[in-house]
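Required output: the full structure, derived from the provided sequences and hints.
Residue numbers (this note's numbering), protein chains in the order written: chain Y, 1 to 601; chain X, 1001 to 1303.
Hints listed in this document are in silico derivations from the structure and should not be mistaken for laboratory results. Cβ coordinates follow ideal geometry from the N, Cα and C atoms, glycine included. Careful, some of the hints might be misleading.
In silico negatives: residues of chain Y with every beta carbon more than 12 Å from chain X [as the list claims (entries may be wrong)]:
#1 ALA40
#2 LYS98
#3 GLY115
#4 ASP252
#5 GLN320
#6 PRO329
#7 GLU372
#8 ASP383
#9 TYR426
#10 VAL450
#11 GLU462
Among chain X residues calculated to face chain Y with C-beta under 10 Å, some are [stated by the list, open to error]:
#12 HIS1016
#13 THR1187
#14 LYS1198
#15 LYS1200
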Amino acid sequence: MGNFYKDNDDIRFLFQHLDLAQLAGLCEEGYRFAEEFDYAPSDGDEAVQNYEMVLDAMGELSADFIAPRAESVDREGNTLNEDGTVTRAKGIAEALEKLAQAEVMGFTLPYRFGGLNFPNLLYSMATEIISRADASLMNIFGLQGIAETINAFACEEIKQEYLPPFAEGKVTGAMVLTEPDAGSDLQAVKLRAFEDEKGNWFLHGVKRFITNGCGDVLLVLSRSEPDRSGGLGLSLFVCEPGPTVHIRRLEDKLGIHGSPTCEIFFDNTPCKLIGERRRGLAPYVATLMNGARIGIAAQSMGIAEAAYRIARDYAASRKQFGMAIERLPAVRDMLIDMKIAVETGRALLYETSRVVDLAVAYNKRLEENPPEDKAELKSLKDDARSYKRCAGMLTPMAKYLCSEMCNQVAYDAIQVLGGSGYMRDYASERHARDARITTIYEGTSQLQIVAAVRGVCSGTAEKYLEDLVAKEYAPQVKDLLDKLAEGLGQLKAAVEFVKDKGNDYMDLYGRALTDVAIALINGYLMCDQASTKVQMDVAVAPGISSTDGQTVPMKQRKTLLARRYVEKNAPTIKALTELICQGDRSTFSDYEALVGPVQEQ
Amino acid sequence: MAYDCVVLAKQVPDTHRITGKVMNDDGTVNRSALPAIFNPEDLNALELALSIKDRFGGRVTVVTMGLPGATRILRESLYRGADEAILVTDIRCAASDTLATSYILSCAVKKLDYDIVLCGRQAIDGDTAQVGPQLAEKLGITQITYVEALEDLQDNTIQVRRSIGNGWQSVRTGLPVLLTVTGEANTPRVAAARHLMKYKKARTPGEVAEEIKVMNPDAVEAEIKELCESRCEALRARGLLIEQWNLDRLEADLTWCGRSGSPTKVHRIQSVVLAAKESKEVPPTDDGLAEMIHELIEDKIIA
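Have a look at this one:
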């Protein structure tokens, strides 16, 4: 009997370290739902107790039911039948049934639709736990943003029709956005939506690379204004599979084999408009994709955790030169770096999810229940705007960092296992294949950077970092804070340098700027964890290093981690900011000469 | 057509986590050294009942006999989707063997409406597999043991597949029926989130009394009784009161309960300690392997 929540010290630590009761208070709107719904909590303690019980149940399901099926899911994949239906891998179908029974398919939906009304932070934790068991299952479990989008933007009638079956786990959905000529650039979407004389809407055209396109509820981005190019001609529609929806092809992919990737032809499919016309891309799909990005970051965390654990076990049991290979400097260095990458990735993801929860809650209050007092209203507006900006910067940062990180960790895990890791006998090769998509879908790393670097250079990062600097830290990280302050100065100088060089220069050094900003944010987050009030002892490996005894206080462990992270990053921050300030534009001027011509066939 | 199911469950020491300290010197089990869990095959019985409810409707009631601590598995049943849970607890149940236990449980089940009674095949502490069959006899209903799949259920007829060790039988009978369910029958569902959130507060009257005593250490008995009654009433109104029945409530014949109702006498307990005495090297050749196989067959270790 395993449990992917209980066996994860870091998640359990963060569960206590982060102020979940504060988030619960916001989500529960003063615990007013307890009167109407017998399962809604009546205070913060009870809400946090609920969160933990549900994570515990999901941890058990993930370890005992989902994980043992992951290998056969990977081998089996999905099948496109002759009649156009799709048969899922057996393990995925079984897992979906268990998830429905566990009542976790409406994680963040309101109580009135049968949801749990949990914060996004909890959803990220749950998504990570599921993805550790089977990354490809996340592509269905993690699509709850579809229901969220309906909840946020559709009319009451559509909500009543679709949301309860989502929460019951009776239906799954798909975000039907990408087309052959509209990938990263969704403004180019061509699929046509047209209205008949009675005002009924229909869809016509082809969509490609649609995750779970064989699902029951399809959210389709389409061009409702034929004379209008660009994003403002697009609207969002909801439709269901039927005789006019043809799955033409299932992609044969590198990884996430449990997730069906469909090409769909809509042949005059009846559909309903979500919200208002011409708002399809912004704000509806933009909001949907922001949620999905956090989902992919959580999926990445799950893959990284799973990959790390195999490598860690193998390094202890594999003997070469008469000793466990973890005794070799190169291997132990790799393992520590993998573990730190996992924990810093998680720190940023959970922080991002927390800020998103605050942004959602403040904006909801502003819309539904604004204070009458003018000063109070202004302060609420300022807070809401500030959280929204922060969420807008942190979301692409978390997606970028976690997805790149899981690829590195999965790569290194195979390296630790050596030849064995390359074989299919171990799950490491599956983790590496599953990881590969995470830096691509829901916006490539390059596009996450385009979004993130605007936050870094617009003052959002500066303000957010100021808030982090102003927090209270324990005395033992004082010298680390000094180092971080130095890095902060270097970042400011780099941002200043970039400012008058134009957007193309900023984008050219976007990755460097974003990397520096993330290293600083994570530095402060790790110092914050090292200053925790949580009393928790965690087990240490038996070994030859400084730790004696069998456990260490988490606070002490996190201090070691923060120290190594901040100190190792300081020279990198310095180098990257120097690079940015060199003003090198050779990418623009020398491209043609350096890459050479396209080979003629 | 909806079917009412009654599931009999037992809290057992987790014998899969045996360590050196779990046997007392007299050869009995030191229950405090092992975590108490939901008997695994009883979870399969519950799962089968819940899947019948999912498909056909009806109610699932879980009954356990045990110490007040066994309420934990009743809450777990509610988390998974049971509609009602009943704790049968009474100091006079102590020392019941399988015969007395099945008698007491039959008194409880007779108080309930049922079409199908489900038990786990056996409990992992005693491994007798007797209580289910004895209970069917006492209820005077048909029993089907070793059930590994429900094949058909319509009107008043049920068809199941039962394991017969080296194969299976498909059998059909009328309702009511008692099934004993094996671990192969299904994979039990996990707790459902909304049920967890709701039923974590479910309590038996005994637990309510304990909590009230802790919170009001100076209260006299009459006050405690009054507080208990109002608290239980409040819980009942919210569907959070777990029924607690004693032998009086069951109208059980006390001579059939506890030690006096238990003909089983433990004659002797032998504590068997297995230890390796010698080792033997088998050469990794065809001949070596053939010789080893032959030896294992001779020793009746493999057939």
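If you take the shortest Cβ to Cβ gap from HIS1016 of chain X to chain Y, is it below 10 Å? holds, 8 Å
Does the claim that PRO329 of chain Y lies off the interface hold, with its Cβ farther than 12 Å from every Cβ of chain X? holds, 37 Å
Under the criterion of a CB-CB separation shorter than 10 Å, is LYS1200 of chain X in contact with chain Y as hinted? holds, 6 Å
With 12 Å as the threshold, tell me whether GLU372 of chain Y passes as away from chain X on beta-carbon distances. Nearest chain X Cβ is 34 Å from GLU372 of chain Y, so the label holds.
Could you let me know if the closest chain X CB is still more than 12 Å away from the CB of GLY115 of chain Y? At roughly 9 Å from the nearest Cβ of chain X, GLY115 of chain Y sits no farther out than 12 Å, so the non-interface label is violated.
Given as non-interface: TYR426 of chain Y, partner chain X, CB spacing beyond 12 Å: At roughly 25 Å from the nearest Cβ of chain X, TYR426 of chain Y sits farther out than 12 Å, so the non-interface label holds.
Since LYS98 of chain Y was said not to touch the interface, does its Cβ keep a gap of more than 12 Å from each Cβ of chain X? violated, 6 Å
Please check whether LYS1198 of chain X passes as an interface residue: C-beta within 10 Å of a C-beta belonging to chain Y. holds, 4 Å
Minimum C-beta separation from GLU462 of chain Y to chain X exceeding 12 Å: can you confirm that? The claim stands: GLU462 of chain Y keeps its Cβ more than 12 Å from every Cβ of chain X (closest is about 40 Å).
Mind verifying the non-interface call on ALA40 of chain Y? Its CB should be farther than 12 Å from each CB in chain X. violated, 7 Å
Please verify that hint: THR1187 of chain X, Cβ, nearest Cβ of chain Y, below 10 Å or not. For THR1187 of chain X, the interface hint holds, since the closest Cβ of chain Y sits about 6 Å away, which is under 10 Å.
Take a quick look at VAL450 of chain Y and tell me if its Cβ sits farther than 12 Å from every Cβ on chain X, holds or violated. holds, 38 Å
Of the numbered hints listed earlier, those contradicted by the structure are 1, 2, 3.
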